[in-house]
Every structure is written in structure tokens, then in C-alpha cells.
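There are 2 protein chains.
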Amino acid sequence: MPVVGVIGGGQLARMMIPPAVALGIELRVLAEAPDSSARLAATTVGDYRDAPTVLAFARGCDAITFDHEHVPQEVLRALVDAGAAVRPGPDALLYAQDKLAMRARLAELGVPMPDWARVSSVEELESFLADHGGRAVVKTPRGGYDGKGVRVVEDAHGADDWLESGPVLVEELVSFRRELAQLVARRPSGEVRPWPVVETVQQGGVCAEVFAPAPQTTEAIERAAAEIATTVANGLGVTGVLAVELFETTGGRVLVNELAMRPHNSGHFSIEGSVTSQFEQHLRAVLDWPLGDPELRAPVTVMINVFGALPDHQIVAALAHQPSVKVHAYGKGPRAGRKAGHVTALSDDLDDAVYRARAAAAHFEFSAPD
Amino acid sequence: MPVVGVIGGGQLARMMIPPAVALGIELRVLAEAPDSSARLAATTVGDYRDAPTVLAFARGCDAITFDHEHVPQEVLRALVDAGAAVRPGPDALLYAQDKLAMRARLAELGVPMPDWARVSSVEELESFLADHGGRAVVKTPRGGYDGKGVRVVEDAHGADDWLESGPVLVEELVSFRRELAQLVARRPSGEVRPWPVVETVQQGGVCAEVFAPAPQTTEAIERAAAEIATTVANGLGVTGVLAVELFETTGGRVLVNELAMRPHNSGHFSIEGSVTSQFEQHLRAVLDWPLGDPELRAPVTVMINVFGALPDHQIVAALAHQPSVKVHAYGKGPRAGRKAGHVTALSDDLDDAVYRARAAAAHFEFSAPD
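Which chain is which? The protein sequence lines are S and G, in order.
Counted the way the numbering used here counts, the first sequence spans residues 1 to 370.
Counted the way the numbering used here counts, the second sequence spans residues 1 to 370.
This is chain S alone, in the form it adopts within the complex (with noise of 0.2 angstroms):
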């Protein structure tokens, strides 16, 4: 029975199980705390930054993988000379901690990018604004995530705060019609299979609904969007799930804004939607075997995230109201703004899938971000 060890205990790793349980896959989690979201395979408490901890718990896994993107490059370096699998390796994950590095690269690779620089000073900033009309957005390399990190200034002293810590990147404002994400998985043996591209709705930062497939889409956008993330799956040398956020913008091009190299919130709608879902496939393209059929399961299915709880009565409320939503909740206790759920509609039509979707969400009561 092959053996995958996941960093990291949250819903990524949770939702990693069931795919786990149906293939006979020995799913090991190192987890942050004992009531982690995945604490039904957490097989070691510990700390992901302690070398020590991470290589005992590897000992034993034919694949080491992640449910965020955290682990220090020192801690996968020393996996990697203990010769476990780390899938995506340190090299690939670079691109993903950090968006300077992440930014140079797909610039190498020719990906369609907003103008972008390395910006050092309050000079080359304010030289970027003139540039760009007096606003940018302005990114921490590292350590950002759901809008965290991330700031739009329209003053050169507006990113003085990060300066003081070292390089920043700075991007231009977008004009996008909408926001769209593209997963593909890829295997070592360089298989790589995209899903559909979907449309995912941001509020506060935070993905609140993902439409898939992304509704009114050309065959160009498609093809650009599924040629963007399997060009930058190969360059980049993923393994796993890929997820690449983009914008379309109003121009009708198409954009990439960032990369995640795990499950992403944009693929939850392909636990029911697609015949295999992310977590499957991610499982899959880790341990180097075939990847499976990405194709979708319904014309429309839409994905709506819970944030705060679920508590029990709120999830009987949804399920008796709406029987065909499927209710997915991670086990975690309850805190404002954070991820707590999401459901699930599939059905012929995008009108009916919103509509379902969105009442069984408007069962839980802190349904939005702060």
C-alpha cells in the first residue's frame, strides 16, 4: 500500500482522505496541533519548520507533499538528501513562496504577465506609479495569502512599511473583466491534465464563489488559460496540482496573477464536479501514477466557501433545504473570516446552481469574510 505523508493538517490535507480511502493510499499527516482540520490522519503533531520532526515524520512515506506552501527551503533540502520524493520539489516550490522569484521566472518562460518590476526603494516606486498612471499594487514576496500581504497604492510612501524588511514587487492595477483559474495536475513523468478553466468571484481577497466551467468563455481564452498553466507546470517543473489564478481582461487577454502548487479553493467544485477530483488527482500525480479523467461531471457546477462555523443545527437547516447541495465542513472550531466549509450545487443550468448553491450558504451565518 503506497504511503503519502501531507505538511501541513488543514482542509487541503483534509480533503486529501477521502480520494485516499477509496484508492487503498496510506494518507500521513503532519499536523500543526492536535485538533487540526485533518487530525482523522494526522500521525505526528509537530512543528514544519524542525528539520528533525519533518524528516521523522517522511521516514516510511513513498511521497512527501503539502497543504500550504510554508515548509522552509532548508527543511526541503534536507528531505530531498534524505532521499524522499517531495512532490513539488524545493526548486518548483521556490516559484510559489516567492513572488519576486515567481514573477523573473514566468518572464523567462514568455507567460502573459501584468507589468510587474523588483522595486527597492521609494524612488523606483514612485518612478513604477508614473508609469502606470499613479496606482500599483504592491506585494510582499512572501508569506501572503487571501489578500494578506497585498496592498494597492496610489503614493510612492504608500509600501514604506515592507521596504524597511527588503525588496518588493509591484504590479500594475489590472483592467479585468472578470477573474478566472486554471488547475492542471502534473506527474514526474511530465503527464499534465487541465481541468476546465472556471471563474471564481473574490471578495475582501478571498475567493467566496468559483463557477465552473467559467460561464460565456471563448475557445481562446480556454486554450490560453490551459496552455498558460501547463507551460508554467512544465517550467516551473510541478508536481501535483497547479492552480493558476488569472485575470481576463477587459481587452480579452489573459493574465497571470498567482500560483498556488497544491489543491486550491478554485478546485473544491471538482470533488463532485469532475469525474477526478483535485485531491484525487493530486494523490495521483504525487505518487507518479496515472492521472485521471479531469473532464466535468455536470454542465455547471458551482462552489460557494462558508467562513466563521458550521454549526450543526445550520448544517441540518442547508441539507433539509436543499437536498441535492452537497455540505463540505472542515472540522475546524470557530473564528470570523476563516474558512470554514463550502458547499457544493451541480445542474444543467448556472442560474439554478447559483440559486441552490447560495441558499444552502445562506443557512450558515457568518456566510462572508470580515
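Check before you lean on any hint, since a few could be wrong.
Pairs count within a copy or across copies, as identical chains cannot be separated in the list.
[Unchecked claim] In silico lysine to any residue, SDA-like type, Cα no more than 20 angstroms apart, as pairs: (1) 332 with 101; (2) 139 with 50; (3) 148 with 351; (4) 332 with 3; (5) 332 with 167; (6) 332 with 1; (7) 332 with 365; (8) 139 with 123; (9) 148 with 187; (10) 332 with 26; (11) 332 with 28; (12) 139 with 247.
Derived from the structure by calculation, the hints contain no laboratory data.
Treat the numbers as computed from the prediction; the structure is a model and nothing was measured.
Chain S is already provided as a structure; the job is to place chain G on it using the hints.
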């Protein structure tokens, strides 16, 4: 977070893990052995016939349910006396444990069945044979499954060994066109939801293939099957999933063959094939939560059992050649003839689903029971 305790650590308990993870239900399993199929969720290893073991296991569970029907009545009654929500309860489970009691109760309910009799002597068996063309099926009232405890006799002395231990059930040998299975779920507050009736193909008394929905089925048969199962579920006070195995006679009638009060092999198709799988529905039902939509997700789903073992290299071969077939491995050690997993194919077309499911199953060496 609701807690469901499952007595028995086989593949049925194992397949409850994914929907428990999705719905945020804590699943606890009382397993027979440390290497049981459902070991990931095992919180106790012990003997399900030992009341103190079972009582200790049940503490803190919001509902107790089962992977099998072998828990003795006195243990079930001790659980009820201790205040546990036992679902299904001992009064219902009796009819899944004792085939003579089942036949007598179904007769009271007016459910169509083969001719049957309780037989305590060679003379009584001789008389039944004389009335039914000289052949009949004899069954031990208790402990039979997967073809065990069932025998076709043509001689009044053909059941002498069993008659030594007490009365047996004798049934007419039904001339059937095919076998069907009708699954329903019932929650304590009374709601009953049937899945579409399916066709089951048995080999050597063991379920080998399932076609969902049963192909070329008249509305009269569909309605009769659903009505029978609903009548049985209500009449016996079943909570959770009830599987009713049926004969469709050459004369176009539907007769009850066997009952199971738990998720059942004939319902494995529903994991991918239904909006709500039998495992999710069972958990919802035993918690008295609202039942989900059992509607089919595709025009045809075909499930094929795999026996003996699913070695990794055979799983890889099956996945490589059939990227849209779902493979389920039960995490059991190899043993010839034992159910070790199953494969499922969905399609718009029966022939296509059968072809792909059989092609995937053919990668497993021991794919027929002994």
C-alpha cells in the same frame, strides 16, 4: 460535532469515512482487529459480542450503527438500556439476523415473497418438496451471507445436518428473469427515500456486478420495488439504509429474497452514481438528519466487485487504461475469494459503462470469486 459510532471495521465502515469527513461528522469504529479495513477511523479494537466493550465504545456517540448484522441481541439491548441511540434498533435488526422471523414478519406486512415454510423435520421438508416440484432452497435462519448457509435440495434428507441444530427456512426455487436490489434510507422521524432499483448479477452466491438503474425496467416493476422496500422499512422500523434483494420472476412479479439493514454491496454504485451515496445517506439517517437526494448522476452506472487483492501495480494499470473509471480498494490483505475492492464506471450508455468497468476490473488477477 456529531459523533457516529460504527460497530465493525469492514469495508462498509471504511466507506462511511469519506462522507463523514465531508459533513464534519466524527466517525468512531469498533474494529475486530488493528488491521481492519476501516482502521483509519478505529478508536477501539475489541469484540462486538462483549457488552462491556461495546458499552464503553458507545459512550459519547450520538448514534450507534453497524458494519454488519452480527451483534447479539443481548448486547444491542444493553446499549438501548444504557441510553444509546442504536440505529437500526434491536427490534428491527432481529429481522436481518433471523430469516425465519423475517419471513414471518414480511408475511404479516403482505409483502410478496417466494413460498416458504419453517421446517423442523425431514417429514416437513419432504412435504414442502412434494408441493414444489421436488426442489427447494433451504437456508439456515442465522449466520448466512454471500451464499453461505444456503443450499438447493432435491431430497428430504438434504438438510439433515442443519436440522440437527433446529428449524430451517425452506423456500420455493423461484424461476427468475434476473435479480434486483432496492435500497431505501429511513430516518427515525419517518422520512424514507428510495434509490432507483438496480440489477445485480451474482456469481457463486456473491454479488459480482450491479447495473444502475436496472436496464429495461417497466414502471410497474420500479414502483413495486420501491413500494416493497418502503413498506419493509416502515413496517420493521428500520433506521439507516435498508437493502432489499429481489427476484424479478419470469412472470413479471417482484419477490423479496433477502434483507440487509446497512449499506450494501448493491449500493456501492451510489458513491459516484448518486447525488447522495448510500454511505452519506446512512450517516444522515442514523443521526436523524434530513435525507439527501438519491437521484442518479448519470444515465448508467456499472459497479463490478474485485476479489482477492488489489496490488498496487494492478491499480496503476487499471488507472492507466481506464482514466474515467473509479477504483476502490478496501485496504485488506490478499485472500482468494474475499471482496477486496470494486470499480465503478458512469456513462450515457450501458454498453460503454459495462465495457470500461469490465476492462478496469480485468486488471485484477483474482477478479472472480472462488
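Going through the hints against the structure:
1. 332 with 101: neither (33 angstroms within a copy, 46 angstroms between copies)
2. 139 with 50: Result: close neither inside a copy nor across copies, 27 angstroms intra and 62 angstroms inter.
3. 148 with 351: neither (32 angstroms within a copy, 52 angstroms between copies)
4. 332 with 3: between (25 angstroms within a copy, 15 angstroms between copies)
5. 332 with 167: neither (36 angstroms within a copy, 54 angstroms between copies)
6. 332 with 1: between (30 angstroms within a copy, 10 angstroms between copies)
7. 332 with 365: within (15 angstroms within a copy, 43 angstroms between copies)
8. 139 with 123: within (17 angstroms within a copy, 90 angstroms between copies)
9. 148 with 187: Neither: 31 angstroms inside a copy, 45 angstroms across copies.
10. 332 with 26: between (23 angstroms within a copy, 12 angstroms between copies)
11. 332 with 28: both (19 angstroms within a copy, 18 angstroms between copies)
12. 139 with 247: Close inside one copy (16 angstroms), not across copies (67 angstroms); limit 20 angstroms.
Checked against the numbered hints given earlier, this structure breaks hints 1, 2, 3, 5, 9; the rest are met.
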